[in-house]
Amino acid sequence: DAGVIQSPRHEVTEMGQEVTLRCKPISGHNSLFWYRQTMMRGLELLIYFNNNVPIDDSGMPEDRFSAKMPNASFSTLKIQPSEPRDSAVYFCASRRLAGEDYEQYFGPGTRLTVT
Amino acid sequence: DAKTTQPNSMESNEEEPVHLPCNHSTISGTDYIHWYRQLPSQGPEYVIHGLTSNVNNRMASLAIAEDRKSSTLILHRATLRDAAVYYCILRDATYNTDKLIFGTGTRLQVFP
Chain D
1 DAGVIQSPRH
11 EVTEMGQEVT
21 LRCKPISGHN
31 SLFWYRQTMM
41 RGLELLIYFN
51 NNVPIDDSGM
61 PEDRFSAKMP
71 NASFSTLKIQ
81 PSEPRDSAVY
91 FCASRRLAGE
101 DYEQYFGPGT
111 RLTVT
Chain F
1001 DAKTTQPNSM
1011 ESNEEEPVHL
1021 PCNHSTISGT
1031 DYIHWYRQLP
1041 SQGPEYVIHG
1051 LTSNVNNRMA
1061 SLAIAEDRKS
1071 STLILHRATL
1081 RDAAVYYCIL
1091 RDATYNTDKL
1101 IFGTGTRLQV
1111 FP
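So the protein sequences, as listed, match chains D and F. Start counting the first sequence at 1; every next residue gets the next number (the working numbering). Start counting the second sequence at 1001; every next residue gets the next number (the working numbering).
FYI, nobody ran anything at the bench for these hints, they're computed from the structure. Ideal Cβ placement from N, Cα and C applies to all residues, glycine included. One or more hints might be untrue.
Said to hold, decoys possible - Selected chain F positions facing chain D (in silico; Cβ < 10 Å):
| no. | residue |
| --- | --- |
| 1 | 1041 |
| 2 | 1042 |
| 3 | 1046 |
| 4 | 1098 |
| 5 | 1101 |
| 6 | 1104 |
| 7 | 1107 |
With these hints in hand, go ahead and build the complete structure from the sequences.
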C-alpha cells in the first residue's frame, strides 16, 4: 500500500496567491483529516470528512480556507488568498470507518511557505 | 475536552526501557487514551490506544492506572529510531467522534 499521498511536498508562494494542497487517502479508507502544524500552535485539526461529507470544520481558521472531498480517493485544501501566517506543514490523514480500528494514517505533509 | 499533561522532554539510553507518563485527571468514562509519535520531518504515526485495561502491541505497551487518571507508554527496549515526540491524546467516544486534539507531547531523546 502506498500510504497517504500528499502533493506538493513543498510549496513556496507569494502573499495573495491561491494555494491548493492535495491528498489521496489510503484505498478503502473513508475518513479523511486535514491538520496544520506550526511551532507556535503545534498540531491542529482543521477539518475532517466521513464518507466524503464534512463532519467537523470548527478548526478551519477563516473563510480563506476551504476543503473539498469530491470522491473517496481525493481531497483538496485551498487557501485563497494566502498570507505569511499560513506558513506551516499541512498533514492529511485517513482511516477506515469500521469496528474498533481508530488508527489514523498520516501522509508526509506539505510544507507551505508564504512570503 | 479533557486535557493531558506530559513532561516536555525525556532521555534514555539505547536498549533501555522507557516509561513515558501522561496525566489526565479530568478523563471521563467514555474517553479512550491514544498515543501517537512523530519522528523528525514525518507525519505522526499511531502507537497504541486503550480504554481501561493495559494493552500490548508490537511497538509498545500501555499501562492505565486503575482510576484512569494517568497512563504510561512503555517502550521495552529503546532504539535510536524511537527518538520522536510522543503525544498522549484523549478521544471522546460518546458520539463516536474521530477528533484527536494533540498537545505539546514529550520529546524523547535516545542516546547510543
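Hints versus structure:
no.	hint	in the structure
1	1041	8 Å, holds
2	1042	7 Å, holds
3	1046	4 Å, holds
4	1098	6 Å, holds
5	1101	7 Å, holds
6	1104	6 Å, holds
7	1107	12 Å, violated
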